[in-house]
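Undergrad: Construct the complete structure from the given sequences, taking the supplied hints into account.
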Amino acid sequence: MLFERAVASESPKKMRLAVVLLCLMYGWAQEEVEEIIGAAEMAVIDAEFGGNASMMSNVTFTENGGNATTVPDTTFTETGGSAVVVPPTTSPKDIDFDEVDKRKGETFKELFRGMTVCTGHARKTKIASEKRGKKVSRRFDCDVFVGHIWIDRPSETLPFSVSRLRVVQGCITVYNSGLRELNLSSLSLLIYNEIRCRPYVLRLVDNEHLRSITFHKNFTMPDSHLILVAGKHNLTEESIKLLMGDRPLPKDSEDCRVGKGRCKVFYGSYEYKGDDERLSTFKRIEGRLHVLNTKLTNLSIFEKVTVVALNGIAVEIAGNYELEDISSLFKMKLIGPEPIVKWNDNRGRWCHRKADLKLLSRITQRKPYELVKLEWYVGNVTVNEKFLKKFKEHCSCGCGVRGFLIIEDLNGEEIDLTPLKNLYQVEGPLIITGNTGLSDLRFLENLNSIGNLSAAINDIQFELRENVDLIDAYMENLVKIHGTAELRTCYDLPKRTVKLFEDLIQGRAHIARDRSGKCPSELIEKEEKRIQIVESRQYNITHSENNCVASNNDELKVVLHDQSIRRLSNAQGHNFTLCEHFYGYMKLHASESKYGEVGFIQHLKTITGCLDIVNVTNSIAGKNGTSQFEELDLTNLAKIDYDGALCGNIFALRIMRNKFLRRIDFNENLTLNGGYFIRMNSDEGKIYFGGNLNTTFLWSDPKDCVPEDPNELLVNCTNLIGPVFPGSLLPELFTSKQIKRIYGQLIIRSTKYNDLDAYGYLTIIADNKDAVIIENNKDLRDITALTKMNITLLDKFPKEASEKWKPVVVRNNGKICLKSRRDEENVRKRVSTPLQFSDFCRQRCAGGIVTDLTRLRSCQIVMGGLTIKDYDFETASNLLRYFGEIEDVEGQLIIMNNTGIKNLAFLKSLLRVSDYTTKRPIFRVADNPNLTSIEPLHKVELEYSHYEVHLAALIETYSKISDHEQKELGTQRKVEFRVKERLHPTKGRRSKRKRDRKENADNLGVGIALSVGGCLIITIFGYGYSFFAYLREQRELKRQQQPGGGQAAPVERAP
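For the sequence shown, the residue numbers in mature numbering (1 follows the signal peptide of the UniProt record, and there is no 0) are -29 to -1, 1 to 1026.
Certain hints may be false.
[Unchecked claim] The list that follows gives simulated cross-link-like pairs (lysine-lysine, DSS-like), each with its CA atoms no further than 30 Å apart:
| # | residue 1 | residue 2 |
| --- | --- | --- |
| 1 | 235 | 313 |
| 2 | 203 | 244 |
| 3 | 244 | 188 |
| 4 | 528 | 558 |
| 5 | 890 | 266 |
| 6 | 873 | 890 |
| 7 | 254 | 235 |
| 8 | 711 | 749 |
| 9 | 708 | 786 |
| 10 | 890 | 951 |
| 11 | 873 | 938 |
[Claimed, not checked] Here are the computed distance ranges between Cβ atoms for each label pair:
| # | residue 1 | residue 2 | range |
| --- | --- | --- | --- |
| 12 | 346 | 720 | 31 to 37 Å |
| 13 | 349 | 479 | 25 to 31 Å |
| 14 | 474 | 315 | 24 to 30 Å |
| 15 | 316 | 726 | 46 to 52 Å |
| 16 | 749 | 451 | 23 to 29 Å |
| 17 | 483 | 664 | 21 to 27 Å |
Keep in mind the hints are simulated off the structure, nothing from the lab.
From a predicted model like this one, the values you see are computed outputs, not experimental measurements.
We treat Cβ as the ideally placed atom computed from N, Cα and C, and that holds for glycine.
TA: Next comes the structure, spelled out in structure tokens:
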């Protein structure tokens, strides 16, 4: 068999061939295989198989939840540990290797003929474990095993079913077993699978009786460094030298279960129970960390501990009701399969740290709404500013609405919908309709459930329609819709959004593009706006027979018809007045109509608007018959005033693609107030002004081509006259940078491009407002090249038409992600359509107080805030190296107590600081004695809740920040600058001490005076009280001595 020969052979090529075959058959990407064996060897194997080795992945891999199949024709099934032999004729999934390359098919058959291939459980597959004296046994008769083999049996030997294993693609763990010998004498190949086994390929922990390990004599383990030998064992370095190489076995003194004081590693499950002196030297826990039912308010004591999960989660945190700060959790180094943390019954109110909530959700793989306690708002509501304010006041954390929630007729650019980010559930229908300025539903990012709990299966509980700017309705946390949903949008929704709703409603969602006219196309919208402007201008036009106006195509036909009749009548001897000043878009496309457009144009003296003559081949020119359109006489035309409201393009004069047009005569005094475009007419074409040949107007260039030209002509061209669809042209025209300029439009539509890098060098001279159109490219990810394109207008293009010009249209593409927010801003400056970017391609890091700079290297988005403190000149010199790429801080940015910071240039890429959950300043600078400038952060964008934050930025310095910087940052509003008094390092302190002593002495004198005065007042008050008491007693005595009053008892005098 080929596999046996490959393993037994000393040839590294054959050995690696076996590795490649196995890896590719189990779905490994070709890049992962190359990483193991090297790109050079991969190329050799490609040559060996006469093609691309990745074609080997065409093997069928099926799952049935528990059984393995003997695979004569290489069909894989899922196993829970047991194996069943199935005859070849009964397998419904056998591969027809005739459809695959014959040579590869024969290799597969030879490689696995007669072998049983098993796949274990997702976590681990235990081998014949015994519990409470009862043996729990599973058949494990496999030759090849994929998964995590977990051996913890108390017996001294392995069962034969395990000993017969020949290949393992995954890992092996022997934990707290009774084995004396790990006998895997048939195992020839152990391949690491990170998804199932991170971070070890072989783990031997707490096997007290283990004395030796045996593998096949030709045993190979590509990831030999990923081995853990720890705890109790009787292995010698000599006995496992094959595995460990020169690495020594761990010492007992390093095991924190046994040693104390300076122990480094704890093997197994460690439960924190209060003060533990070992925590001060802990470096690693190989097993699991339990933090249960403690009174901890934060997790800082575990901040420097690395936890490596041996089985499942790495950290369990439960029942800690006083826990408030979990930022240290994100600074710990946790290694293991996801989810890496188990979180239960801790302090449930994480509203003050939404960044913590987001990170916690990621590492626990639980939805955010499962980590908070909801507050409910009861009643049917329509969202408006009043409701948003009230909702913000009542919703201090995650909230829900019981009843209808209607979001309609709002302008997303004018109203702040961010308070709805706290909305987690809507127990009733959600209706979003008739809104503008909403490109997505990001403000509902935490919404997880929609609909009345008692809704019928076909009741519409989510309705989305007539939102003209909406391009995506994806809600990342949405997991349940009670009833069904109806989504009608103006643009085709991305595939992931469609899949989300189809999966949630099991194919019952009504998703369609609105073609009813309620979402008007861009052309219709532009035309309607243009007509409104034209109608308003018509009042300023002098009405006479010399003037004619056409605000749309229908009116143009009426004008042409009327002028045609007048010209024919004048030819018969009548004297009708003809139009000499035309207001509107005078266009002649394709053949001339019966109305004689050419004759009408040639009689005009002034045009207010534009003149467009394109693709005209035939003309009647006032004749009875038709002829080729060869000449154009514009000698009467003295002036063209461009008017963007009246025109459909950006040129005052455009004459192009009239293939027979060889001569144009202009008035020698022509005034052209606007741009012109005269190209791609007859090759012999000439332009005359007042009868004289003119060369200043461009006519044609031998290097000009149109996309329809044959390839033999295109390969000699440098200019293309648009519109240009590069997907239908030779790729070499652009990859070799042969095409330099495009006159017209560049349209990239329905391609499989991942980026636009091949077109970033182009110069595009626009003949349309939308110079570049990028649409319906589902695989498109990077459009940074748009910022590199040189997109221009002709020199004579009117300035008023080019102001704030955005020449690019991007719509209905894939999940676009740019490497930096600066690139995003530059792209937005050129794109006229709503554009939503993703950030999946940008590196995220956990923030907090920065103690380890290396963990922020190459980081672009910092989550959980960023605090920079206690850096002197030596340590601050490294900040630029590690912080230079940070663009976003999600949370507060605090820079304080740094003696080594003179300016903030180390945050040169920072563009935004955002925190919608705090009431404190989100940007704070304080106690940095040498800081003299906040540049470049004076231009940083601050995003916060205007309902909660009264002061967005507080900048305290010892010297005044420049007026320019204060003005720039002050545009964000709610910004305060303070200048603190600077004390001299020695004299200032002495003076301060003298002042303090004087103040203390004064205070002492005042205190003594107050004390003496107080005593005197108390004494006087006491005597006064006694005297008045005596007088009161005497009055009472006299009253009693009156007749009938009785005899009074003697009363002693008060002291």
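Undergrad: Hint by hint, say whether it matches the structure.
TA: Hint check results:
Distance restraint check for residue 235 and residue 313: the Cα-Cα separation of roughly 24 Å lies within the 30 Å cut-off, and the hinted pair is therefore satisfied. Under the criterion of a C-alpha separation no larger than 30 Å, the hint pairing residue 203 with residue 244 is consistent with the structure, at around 24 Å. For the hint pairing residue 244 with residue 188, the CA-to-CA distance comes to about 47 Å; that exceeds 30 Å, so the pair is violated. As the CA atoms of residue 528 and residue 558 are separated by approximately 11 Å, the hinted pair is consistent with the 30 Å bound.
This hinted pair checks out: residue 890 and residue 266 have alpha carbons roughly 27 Å apart, not beyond 30 Å. Proximity of residue 873 to residue 890 is assessed by CA-CA distance (about 29 Å); at most 30 Å being required, the pair is judged to hold. For the hint pairing residue 254 with residue 235, the CA-to-CA distance comes to about 5 Å; that is within 30 Å, so the pair holds. Between residue 711 and residue 749, the direct Cα distance comes to roughly 27 Å. Compliance with the 30 Å bound is thereby established for this hinted pair.
For the proposed pair residue 708 and residue 786, the alpha carbon gap of about 27 Å is at most 30 Å, so the pair holds. Under the criterion of a C-alpha separation no larger than 30 Å, the hint pairing residue 890 with residue 951 is consistent with the structure, at around 24 Å. Restraint check for residue 873 and residue 938: satisfied, since their Cα atoms lie roughly 20 Å apart, inside the 30 Å limit. At roughly 48 Å, the beta carbons of residue 346 and residue 720 sit outside the given window of 31 to 37 Å.
Between residue 349 and residue 479 the Cβ separation comes to about 29 Å, which falls inside the hinted range of 25 to 31 Å. Distance hint for residue 474 and residue 315: a CB-CB separation of about 28 Å, consistent with the stated range 24 to 30 Å. A C-beta distance of roughly 47 Å is found between residue 316 and residue 726, which places it inside the suggested range of 46 to 52 Å. A hinted range of 23 to 29 Å holds for the C-beta pair residue 749 and residue 451, which are about 28 Å apart.
Roughly 59 Å separates the CB atoms of residue 483 and residue 664, a value that falls outside the hinted 21 to 27 Å.
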